[in-house]
Amino acid sequence: MAWRLRVNPITCTGHGLCAELLPEAIGLDEWGYPILGPVPDRLLPLARRAVVDCPTLALKLERDGKS
Amino acid sequence: MTASATTASTIRLLAGYHALGRAAGLSDHLTQYGPPPLPGTTTRSHAGQRLIQVVEEAGLTGRGGGAFPTARKMRSVAASRRRAVVVVNAAEGEPASGKDRLLLTVAPHLVLDGAALAAHAVGAREIVVCVHAGGRLAADTERAVAEREQARLTAVPIRVCGVPGRYVASEETALVSWINGGEAKPAFTPPRPYERGVDGRPTLVSNAETYAHIALIARYGPEWFRSCGSPDAPGTALFTVTGAVAAPGVIEAPLGTSVADLLRMAGGPSEQLQAVLAGGYGGTWLPLPLVHTPTTPAAFAATGAALGPGIIVALPTRACGVAESAWVLAWLASETAGQCGPCVFGLPAIAADFAAIANCQADASVYRRLQQRLSVIAGRGACRHPDGAVRFAASALQVFGSHLSFHERAGRCLAARRPGLLPIPGRG
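Residue numbers (this note's numbering), protein chains in the order written: chain D, 1 to 67; chain C, 1001 to 1428.
To be clear, the hints were calculated from the coordinates, so they are not data collected in a lab.
Ideal Cβ positions, reconstructed from N, Cα and C, are used throughout, including at glycine.
Be a bit skeptical, because a hint or two may be false.
[Said to hold, decoys possible] Per label pair, the in silico range of CB-to-CB distance:
#1 53/D - 1046/C: 48 to 56 Å
#2 30/D - 1221/C: 53 to 61 Å
#3 1317/C - 42/D: 51 to 59 Å
#4 1125/C - 52/D: 41 to 49 Å
#5 1414/C - 2/D: 54 to 62 Å
#6 42/D - 1047/C: 52 to 60 Å
#7 1264/C - 63/D: 15 to 23 Å
#8 6/D - 1039/C: 24 to 32 Å
#9 1020/C - 2/D: 42 to 50 Å
[Said to hold, decoys possible] Some chain C residues near chain D, calculated using beta-carbon distances under 10 Å:
#10 1181
#11 1185
#12 1187
#13 1349
#14 1369
Next up, chain D with everything else stripped away, as it sits in the complex (with noise of 0.2 Å):
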């Protein structure tokens, strides 16, 4: 089953460090908040990551097709 980020809008607060880590699915708006795209099974790695990292814990990795 396939993955998808879900940021909490509440918590993030545009560090902008996921998009560093995982740019090939996490844009930044012109405001520094993040756009999240799919994540491709090769990028599972980095997503964790991403989602560790986050230095507000905004970031969430989930099954897709939950809410």
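Got chain D; can you put chain C on it based on the hints?
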């Protein structure tokens, strides 16, 4: 059961008000409807399950804007088997809506009956009625609750909770947070209130009008409910019809009534119209060719519009739709809860772009930037506030597109200099 209620009348919730010409007290209400058909026990029973079944057969959907099947929500709350809480949402934050205020003022006991019935069905031991704090509606609702207590009609205790008058405060997770002693700001979900709400309990949050429909469905049954409205959107709904109409106000009509017919029921256009705002400030502008759209969620979705909580505002040709939209967007931006970056920064940015366009100070780069901004904001807040603002802005660009040429040169749009027609709270 009165004779009038058993016919396929299209006036249901407001029937008492139309007959009496004033707000119904408890004795008026009991004369017309009798006591709510509650089983004689407060424990969750077969009768409670039966009510959810009846609401499902009736096809009732939430009247707060989401149009979610009410029975499904009730079943989710009941399924936890824990003691639940029922929240009645009458904290009407939409500036152009007045239907919940009217309903709770003129037929408070219909709303409270529905809440009591729902409480029994989902196993709730507490009902919280949310209204804007400090106003007359709060006092009137307190009085109605006291009347029921005196008449020993309250199997489940009811309390009235005053909510701040902010736009996002009536979002369901914001209400729950406020009732729990926190700020009236939306929360990140899950958990949704039906999982963990007031005091951490499974909580049924529904619009005041939805409960009033439950009160009637419990008495007259699903066939009666479905005898007006459309098969996919049965029953009546309350619509607030304002703007350039001869008799603005709250109208009860079957779901599926066209926007054009609603305008007619509000006395008809009082001057020539150019567009209609449907669904409130998180809704969409409808161009005149679409006023024949029936007011069902499906028909609205097919045109890319959102029905929302039954708000219709008729915009006359003398107004500038771009300027009106710019003022609404500035207000929506000011109403952010201040929690999520895309909303905190995105909404003021969109509002500023719109203001530049309305003031005839925008070149092609502003339009490009605005389109880019509109494409990235929706779906990225904890609540749907930014999504609504983006939908409203995008529809304004679409519907008033041919008028934009008037905003290319400074001072060419004279209408934009007139005072706004759409209601903006706090604007003198």
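Tested hints:
Between residue 53/D and residue 1046/C the beta carbon distance is about 54 Å. The supplied range of 48 to 56 Å therefore holds. Checked against the hint of 53 to 61 Å, the C-beta distance between residue 30/D and residue 1221/C comes to roughly 55 Å, which is consistent with it. With their beta carbons about 58 Å apart, residue 1317/C and residue 42/D fall inside the hinted range of 51 to 59 Å. Taken as a hint, the range 41 to 49 Å holds for the pair residue 1125/C and residue 52/D, whose Cβ atoms sit roughly 43 Å apart.
Separation of residue 1414/C from residue 2/D is about 55 Å and conforms to the stated range, judged on CB atoms against 54 to 62 Å. A hinted range of 52 to 60 Å for the beta carbons of residue 42/D and residue 1047/C is consistent with their spacing of about 56 Å. Checked against the hint of 15 to 23 Å, the C-beta distance between residue 1264/C and residue 63/D comes to roughly 51 Å, which is inconsistent with it. For the pair residue 6/D and residue 1039/C, the supplied restraint of 24 to 32 Å is violated, since their beta-carbon distance comes to about 43 Å.
The hint said 42 to 50 Å for the Cβ distance between residue 1020/C and residue 2/D, and at roughly 59 Å that hint is violated. Using the Cβ-Cβ criterion of 10 Å, the hint placing residue 1181/C at the interface with chain D is not satisfied: the shortest such distance is roughly 18 Å. Restraint check, residue 1185/C versus chain D: the minimum CB separation of about 9 Å is within 10 Å; hint holds. Because the smallest distance between the Cβ of residue 1187/C and any Cβ of chain D comes to about 8 Å, under 10 Å, the interface hint for this residue holds.
Contact between residue 1349/C and chain D, as hinted, is supported at the beta carbon level, the nearest pair being about 8 Å apart and thus within 10 Å. Look at residue 1369/C: its Cβ gets to within about 9 Å of chain D, closer than 10 Å, so that hint holds up.
Checked against the numbered hints above, the structure violates hints 7, 8, 9, 10; every other hint is satisfied.
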